[in-house]
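If you're matching positions, the first sequence starts at 1 in this note's numbering and goes up one per residue.
Derived by calculation from the structure, the hints in this document are not laboratory data.
Predicted, not measured: the structure shown is a model, and the values here were computed from it.
By construction, the Cβ of each residue, glycine as well, lies at the ideal position given by its N, Cα and C atoms.
Please note that the accuracy of each hint is not assured.
Computed Cβ-Cβ distance ranges for the label pairs, DEER-style [to be verified]: (1) E5 with E187: 56 to 64 Å; (2) D535 with Y17: 51 to 59 Å; (3) T361 with E470: 44 to 52 Å; (4) E216 with D646: 45 to 53 Å.
List time: in silico SDA-like cross-link candidates among lysine to any residue, alpha-carbon distance up to 25 Å [as the list claims (entries may be wrong)]: (5) K561 with F493; (6) K167 with Y156; (7) K374 with D354.
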Amino acid sequence: MNLDELLNESQKAAVEYNDGASVIVAGAGSGKTRVLTYKIAYLLEQGMMAYNILALTFTNKAAREMRERIMKVVGPSASRGLWMGTFHSIFSRILRAEAEIIGFTPQFTIYDTADSKALVKSIIKEMGLDDKVYKSGAIQSKISNAKNHLITPHVYNSNIANYAEDKRYNTPEFGRIYEAYCRRCREANAMDFDDLLVYTAFLFKQRPDVLARYQERFQYILVDEYQDTNTVQHSIVMQLAAKYGRVCVVGDDAQSIYSFRGAEIDNILGFQRCFENCKLFKLEQNYRSTQTIVNAANSLIAKNRNQIPKTVYSRLSVGEPIEVVNTYSDFEEGYAVAKDIQHVANKRFVAYEDIAVLYRTNAQSRVLEEALRKSGIPYKIYGGLSFYQRKEIKDVIAYLRLIINPSDEEALKRVINYPARGIGDTTQQKLLTVVHDNPSVPALEIIADPLKYGVDVKNAAAGKLQKFAELINSFLDENEQQDAYHVAERVVFASGIMADVSADTSVENLSRKENIQEFLNAVHEFCDQKVNNGDNDIRLVNFLNEVSLITDQDTDKPEDKNTVTLMTVHAAKGLEFTNIYIVGMEENLFPSMMVESERDLEEERRLFYVAITRAKERCMITYAKSRFRNGQTQFSNPSRFLYDIDKRYLRLPNDASFGGGGIVDPYSMFDNAQCTLHNAQFSSRTHDRGEGLFKKREIIKTPVPKQTHKGSFKPVSSASKAPTSPQNVMGFYVGERVEHSTFGQGKILEITGDGDNRKARIDFDDFGEKQLLLKYARLTKA
DNA sequence: TGTGGATGCCTTTTT
DNA sequence: GGCATCCACA
C-alpha cells in the first residue's frame, strides 16, 4: 500500500497520525470515507489487530460500505474481527454481553419509536391524565431528549426547576410519566434506541472494571460524522478513549443537520479541547463538484457565524452557474423540473440514476411525483414507510419478539387480539392490571391461568386467554427446536396472520400478503448467509437482534436502478449526483417555518449547504410563488438563502431585476395588479422588500374553494408556457363582481378579517347586502 | 367488538 | 390534502 499514490498531502497526514487523538474536519466531497478506509488499512498494516479497532458510524449502510472497501484493500482475513457498525448495533452487542450487570437478560427487546410512543400512551391513560394535554409523541420526544442529555428520571425529579417548568407548560406530571416509562421498559426487559446508548454510558461510568476491559479491547477508536453525535455518544467515546487517547473523529461542522435529534455541533467544534495535543487535520480539496458549485456553497455557508474556519476548493472544471428558476405554482415547479430532466437526459445523456430532486419536506414529493410520472420519467421516492414499519410486518415481528422475550408488553398488546380472537380492550386492560401488579410472575403464566391470578374476567374470556397462551407456548417449543426461518413460517401460518391477510383479495391486501412472503424470504436469506459464512447459529434470537436495528436505507433493490431519485435533503446527506434539483426554495419552507433562533437558522443554512454540495456538475434551484400546503394555497417569497449565495455563481430568473437587493420575479407585476387586497391589507408585510421580507409568518393564507383549485391549477401542457391566469385562487378585491351559488351575482363592498376569518361584504343584485366568510362562501369571479 | 364518519394534526428522522 | 385517531353506533 503506497499512500503517496492513493492520497493527497492532507489526507495522508491524517491517515498517518495515530499516536494520539485527532479531529479530521472533512469538507464536502473531500474524500472522507477514503481517509477512514485507508486509516484503518494503515493501522492493520502497522500491526494492529482488527479486533482492537472500533469504528463507529451512524448508519448500517455507511458501516457496510466501509467494511467492503477495507476488505478490498487489506483482504477479508486481515479485516475479520473489526468492530465496525453503528453506535446502536455495537453497543447493543456490548449490552447483551453485559446485560445481567444492569438487570436485563441478554434477550432484551429493542423498542422502536412506535413502541415507545405506545407505552407512553398507555402510561398516560393509566395515570388518568388528559391525552389532549399529554400528547404521547411530545412526551416521548421529551423523554428521548432527557436521555440524550443523560438525565435519568431520578435526576430529573430531584431538580425542582424541572417541575416548575413542566407546571408552566401545563404538564406537571411529566417527571412521573418519565419514571414510569423507564420502570415499564425494565419490566418488559426492553430498551429503546436511546437506552442502548444511555445504559452503555452508565455501565462504563459505574463499573470501572467493565470499562477497563473495553478500553483494552478498543485500542483505536474511529468515529464518522462526529458532528451528528449527541451528548451520550460523545460521553461514551470519551470514556472509551480516556485511557489511551487513540481516537480519531471525522466530520464536517458545516454539515451538522440533526440537532433536532439531539446532535451537538459543539462535540466536534470543541473536540480538540478534550485531549491534550489533539491534532487537527483539514481536508479542503473537494473532488466531487465543479468550482462554481463549491464556491457558491462556500459563499452561502460563510454567512454562518458558528463554524470551524476552512477553505474548501475544487480543481475540477469551472462549470456552469447554478440556475435559479421561479414558477407561479408548485405544480409548474414540478413541470419545470421534469422538463429540465428530460432536457439533460436527452441532450446531455445524463442517466436518470445520476439525477436527484431534493426537497425540505416529504409532503412536497407528491406534486413532483405527479409531474415526473406524467412526463414519463422513471423515479423513485426515498422515505415514507419502510418495509419493516408496515403493519403486517410489524405484526409478524411482534410475535417473534414475544417468543424471544415473553415480557415484551408492547409486542403482547400488538398480537394478543390480532388476528381477532375475541380478546377485546376490556379483557386486555383487566389482564394488564394484574400483570403490572405481579411483576415477578411471567405474563404468559397469568395469561395461561387468568382466574388463578385474579384477573377479573368471565370464563369465556379466560378460555380465550388460555388458548392464546397455548399458541404462544407452542411457538416457544418450536423455537427450542428450530431455526429462525421455520419458527417464522410457523408463526405466520399458525397465528392466523396468513389466513387473515388471504381472506380478502383486494389490491392492498395482495401486497400485504406479498410483503409477508418477502419477509419470510428475508429470514431465509439471513439463515442461508450465516451458514454460508460458516456460522450455524441461525436461531431466531440472532435474526431479531439484527432486524430491530435495520432500516430501509439498507435495502437497495436492483430494480430501482436508473431512476431519478426524490428525497429530502436530510436523506441525501453523504450522497452525490451529477444533477441536483433543489425545489421549494421559499421563505417558511426552506428555511422552515419552525425556525425560532439564530441557531435554528444556521442549521437550515447548513441543510441548504448539504443540498448544493450533493451536485457534481449541475444544480438547479426552484421556488414557487404559490404552493398548496395543508389544504390551502399559500403565497410566499423566495428564500432568504438565495440572497446568501454570491450572485456571480447564479443564473437568476431575471437578471435586470436582481440588483436592487431582492429577487423581483416577473409575476410581481401581475401580482400587484390582481391583489389590490393584499396591497391594502398586508402592504407592510408582503411588499416591503426591506426587513419585512424576512419576518416570520408572512404567508398569506388564501382560502380557496376546493373544486376551483383543481381546475385552475392544472398545468396546461408544458412547463415553459406562461402560467395560466389564476382565476379565483388569489383572493378577491373590493369592487370586484363575484358569483355565489345561492345568492347569484354581486359586487364586493368591503373585505375584513384575516386568514380563515376573512369576510366579504357583498351587495348581491337580487338579495342585497350580505356578509360572508370567504372560507365557506365558495365565491367565483363573475 | 368491529366499523365508519367526523375531527385534528401537520419539519427534518441515521437507530 | 392526507393520515391517524377517536367516538358513536350497530
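Where does the structure disagree with the numbered hints, that is, which hint numbers, in rising order? 2 and 5
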